[in-house]
Amino acid sequence: MRKSTQLMTAILAGAALALAGCADGGSQTAAPLDLAKAPEYSGTLSILTKFGGDPLEPYFEDLAAGYKKLHPDVSFELIQETDQSIKDKTKTLTASQALPDIYFTWAGNWANNFIDGGLAADLTPAIAPGTEWGNNFGESALKAFEKDGKYFAVPLYNNGKFMGYNQRIFKELGLTPPTTFEELMSSCSVLKAAGYEPIAFGNKDGWPALHYLQQLFAYEVPAQVLEADFNPGTAKLEDAGYLKAMKQFTALVNACTGSGKDSNGVLYTTAQQALAQGKAGMYYQEILEFDTTSSDKSPLRKDGLGIFKLPAASDAKGDTKAIEGSPEGYIINAKSRNAALAADFMKFATSTLNAAKLSAPPYGQPSAVKGAVSEQNSTSPVIEGINQVNEASNAIIWLDSVTVPEVADAWLAGGEALIAGTQSPEQVLASVRSASSAAR
Amino acid sequence: MTISNTARRPAVPHSVPKSAGRPAQEPTKKASSRRWRNLVWVLPAASLLCIFAYLPLMQNLGFSMLKWDIYSGRQTFVGADNYIKMFNDPIFWRSLLNNTLYAGISIVFQVFGALILAAMVEGLRSERWRGILRAIYFVPSAISLTVAGLLFYFIYEPRMGILNAALEFVGLGNITQAWLGQENTAIFGIVAMSQWQGFGYCTLLFAVALQRIPSELYEAASIDGVGPFRRFFSISLPLVREMSSLMMIVTVSGAFQVFNEVMVMTTGGPNNSSQVLGTWLYRSGFVRNDFGYAAAIATAVFIITLVLAVLQLRLSKHRRVQW
Chain U
0 MRKSTQLMTA
10 ILAGAALALA
20 GCADGGSQTA
30 APLDLAKAPE
40 YSGTLSILTK
50 FGGDPLEPYF
60 EDLAAGYKKL
70 HPDVSFELIQ
80 ETDQSIKDKT
90 KTLTASQALP
100 DIYFTWAGNW
110 ANNFIDGGLA
120 ADLTPAIAPG
130 TEWGNNFGES
140 ALKAFEKDGK
150 YFAVPLYNNG
160 KFMGYNQRIF
170 KELGLTPPTT
180 FEELMSSCSV
190 LKAAGYEPIA
200 FGNKDGWPAL
210 HYLQQLFAYE
220 VPAQVLEADF
230 NPGTAKLEDA
240 GYLKAMKQFT
250 ALVNACTGSG
260 KDSNGVLYTT
270 AQQALAQGKA
280 GMYYQEILEF
290 DTTSSDKSPL
300 RKDGLGIFKL
310 PAASDAKGDT
320 KAIEGSPEGY
330 IINAKSRNAA
340 LAADFMKFAT
350 STLNAAKLSA
360 PPYGQPSAVK
370 GAVSEQNSTS
380 PVIEGINQVN
390 EASNAIIWLD
400 SVTVPEVADA
410 WLAGGEALIA
420 GTQSPEQVLA
430 SVRSASSAAR
Chain X
0 MTISNTARRP
10 AVPHSVPKSA
20 GRPAQEPTKK
30 ASSRRWRNLV
40 WVLPAASLLC
50 IFAYLPLMQN
60 LGFSMLKWDI
70 YSGRQTFVGA
80 DNYIKMFNDP
90 IFWRSLLNNT
100 LYAGISIVFQ
110 VFGALILAAM
120 VEGLRSERWR
130 GILRAIYFVP
140 SAISLTVAGL
150 LFYFIYEPRM
160 GILNAALEFV
170 GLGNITQAWL
180 GQENTAIFGI
190 VAMSQWQGFG
200 YCTLLFAVAL
210 QRIPSELYEA
220 ASIDGVGPFR
230 RFFSISLPLV
240 REMSSLMMIV
250 TVSGAFQVFN
260 EVMVMTTGGP
270 NNSSQVLGTW
280 LYRSGFVRND
290 FGYAAAIATA
300 VFIITLVLAV
310 LQLRLSKHRR
320 VQW
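First to last, the sequence lines map onto chains U and X.
Mind the numbering: the first sequence is residues 0 to 439 in numbering that gives the first Met the number 0, read in order.
Mind the numbering: the second sequence is residues 0 to 322 in numbering that gives the first Met the number 0, read in order.
The set of hints was computed from the structure by calculation and includes no laboratory data.
One or more hints might be untrue.
Said to hold, decoys possible - Heads up, simulated DSSO-like pairs for lysine-lysine below, C-alpha to C-alpha not over 30 Å straight-line:
{"id": "1", "chain 1": "X", "residue 1": "Lys66", "chain 2": "U", "residue 2": "Lys235"}
{"id": "2", "chain 1": "U", "residue 1": "Lys334", "chain 2": "U", "residue 2": "Lys88"}
{"id": "3", "chain 1": "U", "residue 1": "Lys369", "chain 2": "U", "residue 2": "Lys86"}
{"id": "4", "chain 1": "X", "residue 1": "Lys66", "chain 2": "U", "residue 2": "Lys149"}
{"id": "5", "chain 1": "U", "residue 1": "Lys334", "chain 2": "X", "residue 2": "Lys84"}
{"id": "6", "chain 1": "U", "residue 1": "Lys88", "chain 2": "X", "residue 2": "Lys66"}
{"id": "7", "chain 1": "X", "residue 1": "Lys66", "chain 2": "U", "residue 2": "Lys146"}
{"id": "8", "chain 1": "U", "residue 1": "Lys86", "chain 2": "X", "residue 2": "Lys66"}
{"id": "9", "chain 1": "U", "residue 1": "Lys90", "chain 2": "X", "residue 2": "Lys316"}
Claimed, not checked - Computed list of chain U residues with no C-beta within reach of chain X, every gap over 10 Å:
{"id": "10", "residue": "Ala222"}
{"id": "11", "residue": "Lys235"}
{"id": "12", "residue": "Lys301"}
From the three backbone atoms N, C-alpha and C, an ideal C-beta is built for every residue, glycine too.
One chain only, chain U, in its complex shape:
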């Protein structure tokens, strides 16, 4: 290489690095939020919600309007995203250091990234169990956002994953909710013979398969092993339970779903509709979906939506009482100038009245506030789901948010490959192990 070319390359590389910046932003958790300081009821509160689209969108709009009535000098900037789009939106805002005052979070690795990055206000003095505000929430809901004894998010609602079924169809065919995985497979045969799609399933987005896998892993892999395997630093991913769970999943896809190997081409909403329209006997769904699936206009409302926990195999070696699901909450930006006002707004959002409203149709999001879900305001599947979540031995966080993104992505690709039949469980586990060791 000529000297001038070398010099030019060096100058270009130097300039590029200088332009990109190369700085240590620090990664300590934020200092505790000073909630003793009274909020100034003026200015604009920006909020990033996961309530975009029908029927959830009006909830935060109404909350903002209600708060504005109390404090007319406060205005709101609502950024409402959907379950799919909020992931990208949050990361774009994070990278551009433009996170709003209040923003949505899942529990697990997702929330920990913000906590470790110093972007989540330490709410311990205000919301820890035993405090006035904290006493309004179930302790398990608060603990979902706890790290090193500190609390970093306001849990808004609880969630869990259940198999929803059409009560009329089950009754007609003499079926009862299965209690073991083997019984579930038998129910599929009966439903199929009667001309129904046993389990509606759509995996176009990849994550529906992860939900099945995570619940089955909880049943088949001992809890401590599973916990260690979520963290690339301690992961071994060698337990035979993984292979067994993946084999169960593949068997379920092939024998119970109408789409089988084609499921990667089907939207999860299409599957949801199949249950709502009475074409399918079952559909694996979150509590948050119950009121949407059995909305007033759907035939399922008339037929009746029943739920049961995805049953474990009779010889399962893991925690068969665990339920997949975790609360979802809102973080107050540690760098927000309106942190005290933001905390005050979240207190308003989790007041008894607003919590009850959130738990009722059309929203059907079971509030994390104690006593908010009741027969007066919530549908029976939501109440039953929440009761089961509260009684569960352990709440297993979603596979795509409990572990680091590289590993979650490897599981996602693996789930798709299992459905299409292009990889064996052994191959999938090997690729996840490789992603986990690369992420160490």
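Let chain U serve as the given structure and place chain X on it in line with the hints.
Chain X only, in chain U's frame:
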């Protein structure tokens, strides 16, 4: 009229002899000052280009040498690590292969296919029908890629889509499948949609190029008893080669920047089988939080498209048509 294989050289003004001696100092000073004054007019556009095109490019190059934690803001210099990772990443190579496949198929359909179609349309005697057909072929190009992607997602849907229903109807039920849900068909499903969407635009551009060819050439050929195929290969094809070159550049560059249709139809799945460089870049950054690696992929995309564009531009210089 001449059909030249080389670009016409600019005429040398008679007033300035090539080998004239050193001109007087005064006119040189004036000319130099005029040149600088003229540059002032170029400055706004050049500044905007620098700020919005070249500066981000340089920044991206810098990012590609960093490990960037977007949460803490910590940026660590890792040198060529991201590039080494890229060369060892099978999904990167899969994506590159898909982009190449995309480019190859697009050249066949959107350049050669569109040219043949344009020649057929322009060969029609009825001006009315020519207009109607041009409009019909152009309509898909007026639809946004996102909308077209969604539309085709539902066409390909394994259980409710009309493609499988049509195949069942004509007795080909044995080949029905989840076109976007299978690893071996997903990328082809997307490419097919893209051809449908881009075909009409290319046809229209070729139609314009064909209209510029003097009709005397075709008339003379007809008098000499030349048939339609020979007319196409001996008159139409050589005389639209400038447009063909341009379409090749646009199509190939477009193929390496494809993003929307893949995101809408498969998001790169199943099992990363339909990833292209654009979606893998996006996934690396926004899903896997590896923004440094995403920047390295972006640099690779830039280099690939730059090299292809330079090569094609050099090639097209020798394909200029003049008459």
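Structure-based check of each hint:
1. X/Lys66 - U/Lys235: holds (25 Å)
2. U/Lys334 - U/Lys88: holds (18 Å)
3. U/Lys369 - U/Lys86: holds (29 Å)
4. X/Lys66 - U/Lys149: holds (28 Å)
5. U/Lys334 - X/Lys84: Violated, at roughly 34 Å.
6. U/Lys88 - X/Lys66: holds (21 Å)
7. X/Lys66 - U/Lys146: holds (25 Å)
8. U/Lys86 - X/Lys66: holds (20 Å)
9. U/Lys90 - X/Lys316: The hint is violated at about 45 Å.
10. Ala222: holds (27 Å)
11. Lys235: holds (22 Å)
12. Lys301: Label holds. Min Cβ-Cβ 24 Å, cutoff 10 Å.
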